[in-house]
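Asker: Protein chains in written order, with the UniProt record's numbering: chain A, 1 to 365; chain B, 1 to 365; chain C, 1 to 365; chain D, 1 to 365.
Be careful, since some hints might not be right.
Intra- or inter-copy, both count: the list cannot distinguish identical chains.
Stated by the list, open to error - Computed cross-link-like contacts, BS3-like style, restricted to lysine-lysine with a CA-CA straight-line distance of at most 30 Å:
| # | residue 1 | residue 2 |
| --- | --- | --- |
| 1 | Lys28 | Lys17 |
| 2 | Lys155 | Lys198 |
| 3 | Lys28 | Lys353 |
| 4 | Lys223 | Lys143 |
| 5 | Lys201 | Lys151 |
Since the hints were made in silico from the structure, they are not lab data.
There are 4 protein chains.
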Amino acid sequence: MKIQTPVYYGDYLQLPKILNAQAPESTKYGKTAHDETLFIIIHQAYELWFKQILHELNSVREIMQQPFVPSTDLSVIIARIERVTTIQQLLIDQIQVMETMTSLDFMEFRDFLVPASGFQSIQFKLIEAILGIKAQHRMEVEKQFFNSRLKAEDKKLLEAEEARISIFELLEAWLERMPFSQFEDFDFWGEYSHAVDKMLKQDREIISNNPVLDDRTRTMELKNLDMTQNTFNTLLDSRLYSAWQGEGKVRLSQKAMLSAVFIYLYRDYPALQMPFRILNALVEVDEKFTTWRYRHAIMVQRILGTKIGTGGSSGHEYLRSTTERNRAFIDFFNLATFLIPKSMIPALPQNIKDQLDIVYDSFRP
Amino acid sequence: MKIQTPVYYGDYLQLPKILNAQAPESTKYGKTAHDETLFIIIHQAYELWFKQILHELNSVREIMQQPFVPSTDLSVIIARIERVTTIQQLLIDQIQVMETMTSLDFMEFRDFLVPASGFQSIQFKLIEAILGIKAQHRMEVEKQFFNSRLKAEDKKLLEAEEARISIFELLEAWLERMPFSQFEDFDFWGEYSHAVDKMLKQDREIISNNPVLDDRTRTMELKNLDMTQNTFNTLLDSRLYSAWQGEGKVRLSQKAMLSAVFIYLYRDYPALQMPFRILNALVEVDEKFTTWRYRHAIMVQRILGTKIGTGGSSGHEYLRSTTERNRAFIDFFNLATFLIPKSMIPALPQNIKDQLDIVYDSFRP
Amino acid sequence: MKIQTPVYYGDYLQLPKILNAQAPESTKYGKTAHDETLFIIIHQAYELWFKQILHELNSVREIMQQPFVPSTDLSVIIARIERVTTIQQLLIDQIQVMETMTSLDFMEFRDFLVPASGFQSIQFKLIEAILGIKAQHRMEVEKQFFNSRLKAEDKKLLEAEEARISIFELLEAWLERMPFSQFEDFDFWGEYSHAVDKMLKQDREIISNNPVLDDRTRTMELKNLDMTQNTFNTLLDSRLYSAWQGEGKVRLSQKAMLSAVFIYLYRDYPALQMPFRILNALVEVDEKFTTWRYRHAIMVQRILGTKIGTGGSSGHEYLRSTTERNRAFIDFFNLATFLIPKSMIPALPQNIKDQLDIVYDSFRP
Amino acid sequence: MKIQTPVYYGDYLQLPKILNAQAPESTKYGKTAHDETLFIIIHQAYELWFKQILHELNSVREIMQQPFVPSTDLSVIIARIERVTTIQQLLIDQIQVMETMTSLDFMEFRDFLVPASGFQSIQFKLIEAILGIKAQHRMEVEKQFFNSRLKAEDKKLLEAEEARISIFELLEAWLERMPFSQFEDFDFWGEYSHAVDKMLKQDREIISNNPVLDDRTRTMELKNLDMTQNTFNTLLDSRLYSAWQGEGKVRLSQKAMLSAVFIYLYRDYPALQMPFRILNALVEVDEKFTTWRYRHAIMVQRILGTKIGTGGSSGHEYLRSTTERNRAFIDFFNLATFLIPKSMIPALPQNIKDQLDIVYDSFRP
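Next comes chain A alone, as it looks inside the complex (with noise of 0.2 Å):
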């Protein structure tokens, strides 16, 4: 390897063009607001972030859209989306830092961004089409927010990303590839089923039993209890579930789902340790943007109160009410649902155990 020209650092982060992109829209009216240079940086640092999500996305779907993902993929795999979360993570906390700008500071400069507003960071909604919320996801205020206020190129951008497959899609699909759903020699799903009514039943008898429970609770929880059974029921029965996926309760495909569950009781299993943390990791990534969405609203609440921000509406109530929306990946979380105690889940017969095995303390080469 040949050096050609020794590297300097501002010049190799291009820090003036970095260091020179802070013009306070105060300032052109004359009055310049001090903190507005905060405002800039830290939606700037936000940006620079979401351009290293993508980065790290867009590499993940790449390796995914392979027909076969070779094993020493997977690792690559996780630490991609774990170091996602790491800098998600980051977003949260930087929230704290917005948080040292008092509403009578921010007052100061709010009127000068109209109608700029966090909705038209088109990277954060591609990193959402990325992970697998497509047009159709997302909620009717939302998309007219959109139609109003994206540039004709961002909109462009944001449907071209919806139109190629998502992360979520790639997920279930190899997911459906795994063998898991049905067994050649091995009624798994039966066995499964019996250790789920047997749970069920002492869930019934500690309810019918709890001596603190009055009878109108009591009846309550026995109700609860028949839609967990319920719930069981439509795992299990593929019609019953295309029922449950057409009222939109489920989006992940039923043979994808029961590979998940397969997954998640027999994590221990070396062959299923990445799967699993590329599950769990998925639903870490869900996970923070929830955290950050519920962080980000309660802010603007206690700096804004019900005022409107610089959207030039008041946005509090439509921040409260996403929070918990554009989750890819919330059927991985429910999946709890469909979890057992360790105790209770079946024995694996000797020829799936040594398919999930490898025997690491001796085996030579």
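For this one, chain A is given, so just place chains B, C and D on it according to the hints.
Answerer: Coordinates of chains B, C and D only, in the frame set by chain A:
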């Protein structure tokens, strides 16, 4: 000072008591669950911290109960409330330790704990009560949980605490004693009212001229603005304000609220710095508990899905619903609504300024 | 399952014991110091968590003591060590609570505690011992502190623990049992050696051509490089390596070290993922304690300056000096020295690859 | 107010500039390294935050440069310094993102960056300089790094900043202007001296009677105590103090130091609250940078071991050695040495008390 007996670390901390207080229920059933120890220790750590929080809040109440609170006590109040919020952050962080427990492992001992429940933490209820949450502020469903689930002695403890004066009440009385709701020779609230009108007029123009709003949204926004206008009117009109209180929209008296608004607006004056910090710290106490409840609810859902908890009932819906409840200082959180841009805040006459000021830089003894 | 007696939250957690174990010494001298309760509760919380850490580490040792460690146990080991690091993060965060105590307040009760000292926490010493710190790894000054300050029964506990096999020793044996230090038909370490030479040659060129280095610095850098070269030579030569061990520069056996290097280089293979994560988690345990010691030393200095502590001696210099001590897994932390760029890592022959691999995507039961 | 042009989010933030400033060097060599983008973006985020920190510190300097600093400006100073520490916490957290990069991946592009180095961050050096670090406070080795590595224009920037008055100097002058180093009718420092003697006498007794100390340790501790006594003597004796300054043991003038000690002791008085918080916040700035340097050095060692970094030299030893360096406000950090228990602090005469006080509770306009 004469030291009588040398102190030994383990004896001083009474470690034999503390470290022999972990008896897993699962052991009694002959199948000790490894993770139950974690479950016990986490909750014991919570209770230790609750004791510390009560220690601080009781001392704050004692200080504030003095007929006259000397100014040197104010920084003591602040330090102790801020210590509470630092501890609360730890309570929030502690959830991450709980999250290292999987569904499969938790379900190994969950059933043995029925019907014990975190709702039975009497110390937590005492904390809420001393802050200002009385029986009438609790939701019906929450009270129901209590009646059936608290031991008689614990119920009595809570009722006794609810009968005592709370920090909210002491704070309200303290704010009412301040002279900010009406000045002798200066119509402060008239000036404030003018500033508000000016600000809202500007907001109205912004909405009207906002090029990205469609007509329906614009109409909605203008209606929102009317409501904001209304909110300001209510603040300044004792009859309207009383009606508001009657509807439960606000708990704080008008007199106290006006003092609070004044403090928030002129917080930069030395005389108002510490009162401002007290209000702010109490809002933070509320917020930290809200965050804690939110994170806790998410964790429960992640571990249990829709299945029942140790209380022998599926608490997650209830948990979710209480996230935003039991905030004693919500009125101060919402106070942002009444703030206006720094540059629009009325100038104070010199005689008032003088009383809010201390001249550090050059004063001579 | 038959539930015998309904469990009550407060009884289950033995709260009467836990919450009646705070007796400030200052009270005995007739001048109760408000902050002493905090001091007690913080340390009790530490000790509760130390108990939990010991619970996890003891179970890890038990698992690793099996003559053959089944692969499904590896993820249990990882989960438990990672739980330890999560708890450690809490221990670090807890220092922020301690920092809410001022010098002025601490000195109100410091004198009453003489000569109690955190060095007397027997549980902390047991944690160090089970990880792998034996008496001979402790500094003279630390041992001195012990001899005079531990109760006889606590001394006995520590000696008993030091006589048992530690996690470090079990890990070393486990690594030695792995087949990576020598392959039958493949001279892996020869290939590695070539790659290293290539890398160092490049480094040498970079230093020689680095335009910003003056002659003195360049000479120093080239000397550093010679030392790095030496380090690699030592790794691969059993005689040199033994000498190194003799000098205390490394504790791990050469055989175990080679396995560890192999694992770090080929961690992306499924068979090496879990071993890699175990090593990594143990390094993290060391690092968290280092950070904890560091933060603790800073806090003490901030509160006491150069004055004496509760131990009746000025511990801060000693505290500072131990920050980097007592790291059982320092050899793994330093392992970065032996890593090389991904693109230079020797390609493995197919038969070895196969044994390190599992083909998830398409395998059939 | 008339809004001239509607603002668009992406234009306002100049995103085309910001998001097109990532050009990996590895691409130029035909082998784009995935992780180099992360490396670039992390450093760009650092530089954005450095710009914000400079924005705050410059405004603090400007405020403090006024011949008379009005008291309402003090809370502005506090808010801005506290914002700096909030940002610093983010800088520390950001290291966790860097830590997601492995040795193997970093080494893929490290060589292409030679000889760029973080030491070339001119903004970071400017921050140190504005806080109070002049050329003479830097280590020889650090200055060497500069002379050879900074561009001429950057060198000039730094020299210009070093020629300006720093926050340390302004703070020192402000403390000197305060009347606390000598009172007219009250021998405060005499009283303080008595209290100190009493405290040290008690300490001496404690050490002498401490049953757990062996003779050698006791002798050493008593010698330490003599040194502490000496330290107090030095504080109060201008000749001894000057000698101390000459030896570089302290930078702050005696007059300023006495004011600072007074402020720390009587911080509960309203008049001293804000000065205390300013000193405290500046110490925090120092500490956060120290923690950041420490974490950064650990991370480099973890990734590189003893191999060379992008600067084309093995920086880790140097990094380690600077952890504790370049602290402009170290004298305030060390001030704990001069504090005494709250109950021993001399009572102030009423006329001084009055000047330090504001009576909030009942004052009338």
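Asker: Look at each hint and say if it fits the structure.
Answerer: Going through the hints against the structure:
| no. | hint | verdict |
| --- | --- | --- |
| 1 | Lys28 x Lys17 | both (21 Å within a copy, 20 Å between copies) |
| 2 | Lys155 x Lys198 | neither (53 Å within a copy, 37 Å between copies) |
| 3 | Lys28 x Lys353 | neither (70 Å within a copy, 32 Å between copies) |
| 4 | Lys223 x Lys143 | between (37 Å within a copy, 22 Å between copies) |
| 5 | Lys201 x Lys151 | between (57 Å within a copy, 29 Å between copies) |
Hints 2, 3, counting from the list given before, are not met by this structure.
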